[in-house]
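Chains as they are written, first to last, in this note's numbering: chain A, 37 to 364; chain B, 205 to 536.
Simulated from the structure, these hints should not be mistaken for laboratory data.
From the three backbone atoms N, C-alpha and C, an ideal C-beta is built for every residue, glycine too.
Misleading hints may appear alongside valid ones.
To be verified - In silico DSS-like pairs for lysine-lysine, Cα to Cα no more than 30 Å straight-line:
{"hint": "1", "chain 1": "A", "residue 1": "LYS127", "chain 2": "A", "residue 2": "LYS289"}
{"hint": "2", "chain 1": "B", "residue 1": "LYS363", "chain 2": "A", "residue 2": "LYS281"}
{"hint": "3", "chain 1": "A", "residue 1": "LYS236", "chain 2": "A", "residue 2": "LYS281"}
{"hint": "4", "chain 1": "B", "residue 1": "LYS224", "chain 2": "A", "residue 2": "LYS289"}
{"hint": "5", "chain 1": "A", "residue 1": "LYS281", "chain 2": "A", "residue 2": "LYS343"}
{"hint": "6", "chain 1": "A", "residue 1": "LYS343", "chain 2": "A", "residue 2": "LYS127"}
Stated by the list, open to error - Coverage of chain B stretches by chain A, computed from C-beta distances (three or more under 8 Å per stretch; other residues unrestricted):
{"hint": "7", "region": "348 to 355"}
{"hint": "8", "region": "421 to 429"}
What the hints assert, rightly or not - Chain A is nowhere near these chain B residues, computed Cβ spacing over 12 Å in every case:
{"hint": "9", "residue": "VAL222"}
{"hint": "10", "residue": "GLY280"}
{"hint": "11", "residue": "ASP282"}
{"hint": "12", "residue": "ARG293"}
{"hint": "13", "residue": "ARG503"}
{"hint": "14", "residue": "GLN517"}
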Amino acid sequence: MNAPVLSVRDLKVEFPTRRGTLTAVDGVSFDIMPGEVLGVVGESGAGKSLTGTAIIGLIEPPGRIAGGELRLAGARIDHLSHQAMRRIRGKRIGMVFQDPLTSLNPLYRIGDQLIETITAHVSLSGAAARRRALALLSEVGIPAPETRIHNYPYQFSGGMRQRVVLALALAAEPELIIADEPTTALDVSVQAQIIALLRKLCRQRGAAVMLITHDMGVIAETADRVAVMYAGRIVEIGPLHDVIKSPLHPYTKGLVGSIPTLDFDNDRLVQIPGAMPRLTAIPGGCPFHPRCAAVFARCVVERPELKPEGRSRVACWLYHDAPAEAVQ
Amino acid sequence: MTAAPLVRVENLSRTFDVSKPWLNRMTEGLPRRLLVAAENVTFSIDRRETFALVGESGSGKSTVARMTVGLIAPTGGDVVIDGVSMTDRRQAAEQRRLRRRIQMVFQDPYASLNPRWRALDIVAEPIRAFHLADTRAETAAKVGEALTLVGLDPADGGKYPHEFSGGQRQRIAIARALASRPEFIVCDEPTSALDVSVQAQTLNLMRDLQDQFGLAYLFISHNLAVVRHMASRIGVMYLGRLVEIAAAKALFYAPQHPYTRMLLDAVPDLTPSGRQRRPVEGEVPNPVDPPPGCAFHPRCRYATARCRAELPQLIHTPAGAVACHAVAEGRI
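For reference, chain B alone in the conformation it holds in the complex (with noise of 0.2 Å):
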């Protein structure tokens, strides 16, 4: 095992345009709209290891997450894996040959799946994309191992989706990012479309292929009690930035930045115990347009003028790192 982690994004950006068109621009007098889905995020999986990135919805945790496999492109910055930069052209070669270590599972297994083939179609579809097998015998053989590791009985593969519950279409999505024996799955909001019974399943099974095969997972979620369960580090974000970053523990029993606590704060509790969730005051703030200095302070209880004025940068704290003057200046 090398010491170097398996995945580097650094400072990865990406704006997109969402102007009016030219025409209605130049008529109206308007000027460009851009939205900064992120910006300057960086952060680095070790081999084996769950990184989670949360946020609320507009956050830029999915941009980031389709950023790291290369379905979409970066405006700035750049993901490097296992030595490997994924901007680079001239490193076309090696970004081929490492495509296959990269897979990704989507949160919607009703739109993931082709609804037109095959479970064992689906699933071969990586084994033939890659060349693994030389063989149908061989293919059908993969397919059907993939099939068994995550529960499901190969002879189903000849269904079609629709004759699978949400749980087992999740199981064949995974099944197909298992079929190129990947390195580094990114799994985006994988369970947030399952019922809980069947979330906790598919939790405990990514567990289980985790230390099976020594996958590293980029997890992306809006739960914080999914994230809890599954990740070792953890990624904050708020509109397109990182706003902390520290290891799981740390980040739940002494969370830094105060849209951390927010957060924190406000995930239902199990335990009648009368502890009322303290309602935060206001939601996100349109990222077309973001407030100033550090986008957070509308919503800060320890705002001040200069949270107002300056963007904040990452500190680094023993436990992680954390974007935000009032920690900065040790007010809170």
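Chain A on its own, in the form it takes in the complex (with noise of 0.2 Å):
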């Protein structure tokens, strides 16, 4: 029980271009127990999706995983050729995309995807690979699916289509399910159906999800501990209802009030000036400092690291060794 699922130690992506090295991904460490839902939220260039598309192992060349340590249940994940690679994913780890169009094949049978994803990774007859697909379809809330199985990707709505991808990552019973912006294509009243299942699901399973979303809504729901990411590296992470609630970050605190919620109070929302630094330019020091208001000398020069505050860690100068007369 307690060792995790996943650890990732100080991952860095890169990307050599003819202007420079751009490291997209700088130092991301986190662990994900088995069971748990690590909810990692970030705005766009924020490094998250590339944070899952390296831990199975996908990212396009040029672009390389530089440095750091990708382990699966205790095992290195990062050194392995794309033959191991290959019989991980889709095995060991589940995956689980936005647009659910694109990541079914439009010119087979959904049941034919299925099956093929069933006997490619455990040992059955095709007949039994069979009843498992059913199973599979029936369980992601699926109705009739004797009929649907001969279906093609496009007699599905979206809703239905993502329940089928998610039968397609639980396949082969998967330690990990890395489910990036699961819901984003689906209209509220399907997401709110897609969630509870994705829960559900990984509850029953005792599966360890990582879920990348730029929705704090969804993980407010969804997840046990969320990560938050800026300008690929992570500057809080804790339990949800600690981040969520009292966040530490000033990020994560323009982050959170920026979002308009359903209370009412039609005032101004929380304005964070400026926009997400562009991966050519990251500034110098903590990569936040020009956006912060909470700005001082050290932040200009100075690069903060993860370091525990309460049940979380927050990467932010504010915190530690920090003057006292600058907290305020």
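These two chains come separately, so use the hints to put the complex back together.
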């Protein structure tokens, strides 16, 4: 129970370009325990999807993992060959992507896609694989699986397609599921269904989930712990309640405050000035300092590391070794 | 300020023909297939007011937005802006004069700006089209003014859209809309392509501009929390029909229509209070083949035989209007 399913240590992803090397993920570390849902939030360009892509070993060249360690149930997976990684992907790590229409092959019946996935990873006869596929489809809430198994992806609605993708991800009983914006393309009513399903299935199977999304609302409903990413780094990581109710890092505070809510205070939204820096121009020191209201001299020159603060860990000079007057 | 609303949308309907080609229909014996994207949509927008339309994909909210600005022609009904009918051919001259006063901001700032035009040409387009400036210098001054209004540096006007971030592009789109000094702006999902922190900047900007210029907005969104923040009155659409109209406060505190209740229940809550979203059964039906009676009845807990057979009409309630038999009969 106490060994993490996934352990990421000091992960670095780089893209060599003509104008120098861009560091898109810079020193990211976290663990995910069995049965735990870790939410990874951040805005476009924060490096959250790339972290997920690095874990499943699908970074497009010339991008590469430039440093750090990835361990799945204790064993390193960052140096595996393509062949070895193929056996892990889909079998031990399931994946759910944003757009269900692009993750399903439009030319194959969904049953064939499911059976192919099952037989690729588990040694089962055709008939047994078919039974497994039917069981999976009914488990993810697709009505009349016996007829639907013969349908093509276009015959499903967006929500139903995402259920099929979820069934595909679960096909080989993975230990870890990486869900990258699984509900972003869906309507709110369907979004709620998919989230409830994802939670239920992971609780039942004890699979660990890395849920990547830009939607704090989805995180608040699904995750146990939250990691907030900014400019390729984790700036805050901690239990869900702490991060959302009493965020520590000024960026998390701004992010939580800028989300319109249903509670009636029709006032101005909290506004973080400026925008996420481009990879070509990540500011020195703390990368958030040009947008930060609480910036002081040290932020500009020295990069803060993630350090414990309460039950969370935060990378901000306000919390460690800061001069007392700056904390105000 | 006149008492009459600035925009009146009356029984607006739009049907799209999605039939197969004539020859296939003849040889395969298929009937015509019509998609009713909007039917009998009626609402009005006052000056300085934000009216929002919410609904899921396929509810017809964007179709109504496009008909309101005249980008697609309605198959029935009328849009009356400041007393001028936008569909009556006899009022063509007045319609032309009115065009300057209506603008639109689109969802995707990556698709709505011409990538080969500089930002200042994009913003200058309405000024040139409506002959609002006599000299180049005057055009340039107006463009600079519009860019400053949305928080961009006029010196950046020489850049192309790809040199701006998503939020900055949406600011350019807003500057373009403002350049002709409109009174009414239709915003079709203006922030759904943006990150939350940039969305907050854009929404705040739009509210400031509304106060400054007395703009009326028709605000289209699927995000109830965003609508909650922007709108004074809200219309909820389902499969091409308005099912409820109410003042924003009333809609969120006391939603009437079961669909509105369902939508509100489904909104993710930031407070991890353990409140579970009640996942809704089912999805939006195919608009080509909508259910008979009330289109929402297959997903509705309160559906009765009457709901399955008879289309409910909008009835007025203290807070607004609602189209639901269950509400009319006092069952909920």
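Going through the hints against the structure:
1. Between LYS127/A and LYS289/A the CA atoms are separated by roughly 38 Å; this puts the pair beyond 30 Å, and the hint is violated.
2. At roughly 41 Å between alpha-carbon atoms, LYS363/B and LYS281/A are farther apart than 30 Å, so this suggested pair is violated.
3. Between LYS236/A and LYS281/A, the direct Cα distance comes to roughly 24 Å. Compliance with the 30 Å bound is thereby established for this hinted pair.
4. A threshold of 30 Å between alpha carbons decides the hint, and for LYS224/B with LYS289/A the separation of about 54 Å lies outside it, so the pair is violated.
5. At roughly 19 Å between alpha-carbon atoms, LYS281/A and LYS343/A fall within 30 Å of each other, so this suggested pair holds.
6. The straight-line distance between the Cα atoms of LYS343/A and LYS127/A is roughly 35 Å, outside the 30 Å bound, and the hint therefore fails.
7. Only residues whose C-beta sits within less than 8 Å of a C-beta in chain A count toward coverage, and the region 348 to 355 of chain B has 0 of them, not enough to reach three; the restraint is violated.
8. Interface restraint, the region 421 to 429 of chain B with chain A: holds (4 residues with C-beta to C-beta distance below 8 Å; minimum three).
9. Every C-beta of chain A lies more than 12 Å from that of VAL222/B, the closest at about 15 Å, which supports listing it as non-interface.
10. At roughly 27 Å, the least C-beta separation between GLY280/B and chain A is larger than 12 Å, which holds for a residue marked as non-interface.
11. The non-interface label for ASP282/B is consistent with chain A: the shortest C-beta to C-beta separation is roughly 30 Å, beyond 12 Å.
12. The claim that ARG293/B is not at the interface with chain A holds, since no C-beta of that chain comes within 12 Å of its own (minimum 38 Å).
13. Its closest Cβ contact with chain A, about 9 Å, brings ARG503/B to no more than 12 Å, contrary to its assignment away from the interface.
14. With a cut of 12 Å on Cβ distances, GLN517/B stays outside the contact zone with chain A, its closest approach being about 24 Å.
Hint compliance for this structure: hints 1, 2, 4, 6, 7, 13 are broken, all remaining hints hold.
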